[in-house]
Amino acid sequence: MAEEKKKHKKRRTATQAAASIGPMVKAAIGGTIKAKEEGKKTAYTFIVCLYDEILRAMDIVPVWTENYAGVCGAKRDAERFLERAESLSFSRSLCTYALCGLGFDQWREELGEMPPDAPWGGQARPDMMLSSGQILCDPRNKWYQAAQQFMPDVPIHNVDLPYPFYEDDIHYSEVQDYYIKHIMEELRGLVAFLEKQTGKKMDYDRLSETVDLGERTWNLLHETYELRRAVPTPMGTGDAMNTMVPMAFMLGTQEAYDFYVGLNKELKEKIARKEGVIENEKYRLLWGGGLPSWFALTDFNYFNSKGAVFPAETTYRMIQPIYNMYMPDTNDPIERLAWRWFGYWVYWYDKAGKRPGSHPDVEWLIQYIEDYQIEGVVMHEAFSCRTWHLGLIWQLNQLAKIYKPIPVLVLGKDGREKKAGRELPSLVLESDIIDITTYSEVDTRNRIDAFIETLESVKQSKTN
Amino acid sequence: MNEKNISIFSKVESHYSDYGQRARELKNEGEKIIGYVCSLVPLEIITAAGCIPFRIRGDVHDPITKGDTNLETIACPFYRSCFDQSVKGKYDFLDGSVVAHGCDSMTRTYAVWQYTLDLSYSHFINLPHTLSKSSMEFFRAELNTFIKSLGKFAGKEISDDDLAEAIGLYNENRDKVKALYEFRKPDPPIVSGTEITKILTVGASLPVAEANKLFDEVLEELGQRKESPFKKARRIMIDGACVDNIELVKLVEDLGANVVIDTLCNGTRDNLPHTDTGGDPLSALGDRYLNKINCPRTYRENKEQDLQKELESRFGDIGSYAREFNADAAILYVYKYCDPFGFEVPARKAYFDSIKLPVLYLEDEYSAGTIGQLKTRIQAFLEMIQ
Numbered sequence: 001m002a003e004e005k006k007k008h009k010k011r012r013t014a015t016q017a018a019a020s021i022g023p024m025v026k027a028a029i030g031g032t033i034k035a036k037e038e039g040k041k042t043a044y045t046f047i048v049c050l051y052d053e054i055l056r057a058m059d060i061v062p063v064w065t066e067n068y069a070g071v072c073g074a075k076r077d078a079e080r081f082l083e084r085a086e087s088l089s090f091s092r093s094l095c096t097y098a099l100c101g102l103g104f105d106q107w108r109e110e111l112g113e114m115p116p117d118a119p120w121g122g123q124a125r126p127d128m129m130l131s132s133g134q135i136l137c138d139p140r141n142k143w144y145q146a147a148q149q150f151m152p153d154v155p156i157h158n159v160d161l162p163y164p165f166y167e168d169d170i171h172y173s174e175v176q177d178y179y180i181k182h183i184m185e186e187l188r189g190l191v192a193f194l195e196k197q198t199g200k201k202m203d204y205d206r207l208s209e210t211v212d213l214g215e216r217t218w219n220l221l222h223e224t225y226e227l228r229r230a231v232p233t234p235m236g237t238g239d240a241m242n243t244m245v246p247m248a249f250m251l252g253t254q255e256a257y258d259f260y261v262g263l264n265k266e267l268k269e270k271i272a273r274k275e276g277v278i279e280n281e282k283y284r285l286l287w288g289g290g291l292p293s294w295f296a297l298t299d300f301n302y303f304n305s306k307g308a309v310f311p312a313e314t315t316y317r318m319i320q321p322i323y324n325m326y327m328p329d330t331n332d333p334i335e336r337l338a339w340r341w342f343g344y345w346v347y348w349y350d351k352a353g354k355r356p357g358s359h360p361d362v363e364w365l366i367q368y369i370e371d372y373q374i375e376g377v378v379m380h381e382a383f384s385c386r387t388w389h390l391g392l393i394w395q396l397n398q399l400a401k402i403y404k405p406i407p408v409l410v411l412g413k414d415g416r417e418k419k420a421g422r423e424l425p426s427l428v429l430e431s432d433i434i435d436i437t438t439y440s441e442v443d444t445r446n447r448i449d450a451f452i453e454t455l456e457s458v459k460q461s462k463t464n
Numbered sequence: 001m002n003e004k005n006i007s008i009f010s011k012v013e014s015h016y017s018d019y020g021q022r023a024r025e026l027k028n029e030g031e032k033i034i035g036y037v038c039s040l041v042p043l044e045i046i047t048a049a050g051c052i053p054f055r056i057r058g059d060v061h062d063p064i065t066k067g068d069t070n071l072e073t074i075a076c077p078f079y080r081s082c083f084d085q086s087v088k089g090k091y092d093f094l095d096g097s098v099v100a101h102g103c104d105s106m107t108r109t110y111a112v113w114q115y116t117l118d119l120s121y122s123h124f125i126n127l128p129h130t131l132s133k134s135s136m137e138f139f140r141a142e143l144n145t146f147i148k149s150l151g152k153f154a155g156k157e158i159s160d161d162d163l164a165e166a167i168g169l170y171n172e173n174r175d176k177v178k179a180l181y182e183f184r185k186p187d188p189p190i191v192s193g194t195e196i197t198k199i200l201t202v203g204a205s206l207p208v209a210e211a212n213k214l215f216d217e218v219l220e221e222l223g224q225r226k227e228s229p230f231k232k233a234r235r236i237m238i239d240g241a242c243v244d245n246i247e248l249v250k251l252v253e254d255l256g257a258n259v260v261i262d263t264l265c266n267g268t269r270d271n272l273p274h275t276d277t278g279g280d281p282l283s284a285l286g287d288r289y290l291n292k293i294n295c296p297r298t299y300r301e302n303k304e305q306d307l308q309k310e311l312e313s314r315f316g317d318i319g320s321y322a323r324e325f326n327a328d329a330a331i332l333y334v335y336k337y338c339d340p341f342g343f344e345v346p347a348r349k350a351y352f353d354s355i356k357l358p359v360l361y362l363e364d365e366y367s368a369g370t371i372g373q374l375k376t377r378i379q380a381f382l383e384m385i386q
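Those protein sequences? They're chains P and Z, same order as listed.
According to the numbering used here, the stretch in the first sequence is residues 1 to 464, in order.
According to the numbering used here, the stretch in the second sequence is residues 1 to 386, in order.
These are calculated hints, taken from the structure and not from any lab test.
Please note that a few of the clues may not be correct.
[Said to hold, decoys possible] Computed beta-carbon distance windows for the label pairs:
#1 T198(P) x S313(Z): 19 to 29 angstroms
#2 Q379(Z) x I180(P): 51 to 61 angstroms
#3 A420(P) x R174(Z): 52 to 62 angstroms
#4 N144(Z) x K354(P): 26 to 36 angstroms
#5 I180(P) x I371(Z): 25 to 35 angstroms
#6 K418(P) x I371(Z): 49 to 59 angstroms
#7 G357(P) x K152(Z): 19 to 29 angstroms
#8 K356(Z) x E83(P): 27 to 37 angstroms
#9 I371(Z) x A400(P): 36 to 46 angstroms
#10 K26(P) x N144(Z): 44 to 54 angstroms
#11 R206(P) x K292(Z): 40 to 50 angstroms
Ideal Cβ placement from N, Cα and C applies to all residues, glycine included.
Make a model of the complete structure from these sequences and hints.
What follows is the structure in C-alpha cells.
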C-alpha cells in the first residue's frame, strides 16, 4: 500500500480554482482540530444536510465525516480503517465512508489520541453528532448510532428531512403543506438541541443573513456551472469533484461565495480565450451518476487523453437556481430552508410529467444532454453505496428507451435506407468510493478505450 | 394425524410451494391484488380499500437473472430476488404495488419497480426516520395521502369504519400468531420453526380473513398434538431481517437444534404488535408501523447516554423473547448490503453478550448456493454450545 501511495500521481486540473481546493480542505480539517483545542463546539455531520447555515449561524464547527473518509480514500490510506471496522463485525459491503469513519473513530478512542500518521492530522472528536434521517441514505441514519458504541457520551440529534416521491397520481403540491410543516418542525428541533448544547440562543437575524448568503451561493454556482456549456468547455467533471467543496462543506460562508466569484471569473476568461480542458475536444460526455473513485481521479485525465471532456455532471450538483423555485415571501429563515429543500428535490418533477415515459432523474439527464451538447453518458457504480448508485442502470435503460437524439440511417423493411434516431452511447464503470481493493486500472481503462471507440463509431455513422 | 389434519398441513404445503395460487384465483374472480415486500406497509389500509395485500417473496433456489438487467447487484439480495421473481412474471396477477420507506434498497429502486413492472397502481409511503411528535403527525398525513390515492384506484372512499374493521381483523390475526408461538414454548416444542415459517409465509399470501381461518385450523391441529413430535435439543432464536423461506430454519433443525423463537420481519417483528383501537385509526396505524415495529431503520433516541441502557432500549425485545421462549443461543442472520441491520451488528452482538446468550453472526446472500457454508458454521456453533 505504501508503494501504491508513493506511485500514485495527482490529477491534473484545468482550473486554478480546482487546484486551490486541496490546501483549502486540508486547512479546514486542520481547522476542526484547532477549533476543538480552542474550546469551540464541533459536530459530526453530513454534506447536503440542509442545516449548514444553522451550524454557521451558531458558530458550531462542522466535522464532515464523509469528507474525511474521502480524503483517506484520495490519499489511498483508507484500507487500515476499513479493515479495523471489519474486525469489529461491520460488513465490508456497507458504506465504506462510514466504515472508514467508524474504524478511525474506534482507533482514536482506543488510543486516546489520533491514529498513527492519520491523514491530514486526523478527525477531531466531536461534541455532538448530527444524523440525517433523510430519505436518501441509510448510513446517514445509522453511522453515528454505530459510532456511539465507542463514544457513548457524545449525544446524537437526528433530523428527519423527507421529500415526496414522484407519483403518477399525486402532484407534489398536494402534499407540500405537511412536508414543509414537518421539515420546519425538525429544523426548529435541531435549533433547540444546538441551543442546549452550546448554551446560547440562536440569533435569527444572523441566520437570515447566512441563509441569504447560502441562497446567493446556490445561484452563483448554478450560473458558473452553466458557463461550462461553452465549446470547448473550460472545466470538466474532474475539476468539479474539487469545486463542489465550498458548496458541500462551506455553504453559508463568505469564503464559499467568494470562491465561486473567482471560479466564475476564471471560466469567463478561459471562454474568452477559447481555452478548453484539452486542446482538441472531440467528445463531450455527461457524468450521469455515481460518486467518483476518490483514489482514481486520474481516470478523468485518461478520458481527456482520448479527446473526451465532461462539461456537466449530476453528481454533487446538489443545487438548483433558487430563482426558478417557489419561495414564499417570508422573513423566517427556517421556512426558507424548508422550501429550498423541497424545491430542490421536486425541481424536475413538472418537466418529467410532460414527457411520456420520463422520470425526474431521467429528465435531468436529458436537460443536461441538450444544454451541454452531450454525446455520451458515463456513470460509476460504487459497490458500497446504495444511496447514489441504485437505479442508475434503469435510468440509462429508460433514457435509451425514450430519448434517441442521434440521427442515423437504418435499413428499412423495404430495403431502403431511412432516417432514424438512436440512443446515446453509455458506459458504467464499477469500483468504489474509497475501497481501492475493488479497482482495476487496467480493466477500467480498457472499458474507457472501448467506449471511446463506440463514440467514434457513432460519430462516423451520424447523419446530419 | 387424522385426515382433516393432514389436509390442513397439506394445504399449507401446497400454498407454500405454489406461492400465490390463491391470489391468482382471486384475481381471476375480479379482486384487486396489491403486492408489497416490507413489514412497514400498512396492510389494514389495503384491506379497508377492498383490495388484497400480497407479500412478494423471493426465491433462493432461482438465480437472479432478468432482474439484474435493471437493478444493480449492490442492492439487498433478498430485495433483488423479489424484483427478479416479479419481472419474471411469477406475480403476474398483481394489480399494484406499495413500497414503504424501509431501506435504501427499497427507496432508491422505487422507480425501477414502478416503470419496469408497469402495474396499474403503485405508491410510495414515506415513513419518517424519527419518532418525534412532528414525525408522527407527518406520518399520519402521509397515510392519509395513501388512503386517498388507493381509494381512487380501488373506486372506494375508505372510511374510519372500514379502517376499524380491518384493524380488528389484523389484530385477530396477530392474536392467532401469538397463539401459534405458544406451541413453541414447551421443551421440546410442539411445532417446529420450519412449520411456523411455512404457516406465516402462506398467511401473508392470503386475504386476512382466510389467513385467520387457516391459522384457526392449524391451531386446532396443533392442539391435538399431545406429545411433541420433536426431540429435546438446544433452543435457538433467529434474529435478523426478512426470512421468507424455510432453508435457514430447516438447516438449523436438521442439524439437531430446535428453532423456538425469532425476531424477524415476517416473524415476531411484524406479526405480534397490535394496532390500538378505540381512537383515531390513522394515528393508531402510524404508531404501530412507525413505533411498535422495532425496525433498525427507525432511529430511537438514546436519552441516557449510557451504552447498556441504550442497548436495552433498542434490543430489549430480543431479550424478552429469548427469556419467554427459553432460548439457549441465537443466530444473527443479516443479508449482505443491508445497511440498516449491518450497522447494528456490533451493537446487537454486544447486547447478546450482555444477556449472556451465545450468538453466531452470519452474513449471507439470498441464495441456496450458500447452504453448504452455512451448514459448516452452524454445525460448529451448535457443537460449541452443547
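Do the hints match the structure? See the list:
1. The supplied range of 19 to 29 angstroms is met by T198(P) and S313(Z), whose beta-carbon atoms lie about 26 angstroms from each other.
2. Take Q379(Z) and I180(P): their Cβ atoms lie about 56 angstroms apart, and the range 51 to 61 angstroms holds.
3. For A420(P) paired with R174(Z), a C-beta distance near 58 angstroms keeps the hint of 52 to 62 angstroms intact.
4. A hinted range of 26 to 36 angstroms holds for the C-beta pair N144(Z) and K354(P), which are about 28 angstroms apart.
5. One distance hint, 25 to 35 angstroms for the beta-carbon pair I180(P) and I371(Z), is violated here, with the actual separation near 50 angstroms.
6. The hinted window of 49 to 59 angstroms between K418(P) and I371(Z) holds, with their beta carbons roughly 55 angstroms apart.
7. Between G357(P) and K152(Z) the CB atoms are about 22 angstroms apart, so this pair conforms to the stated range of 19 to 29 angstroms.
8. A hinted range of 27 to 37 angstroms for the beta carbons of K356(Z) and E83(P) is consistent with their spacing of about 29 angstroms.
9. Between I371(Z) and A400(P), the C-beta spacing of about 38 angstroms keeps the proposed range 36 to 46 angstroms intact.
10. Between K26(P) and N144(Z) the beta carbon distance is about 50 angstroms. The supplied range of 44 to 54 angstroms therefore holds.
11. R206(P) and K292(Z) have their C-beta atoms about 42 angstroms apart, which keeps the hinted 40 to 50 angstroms range intact.
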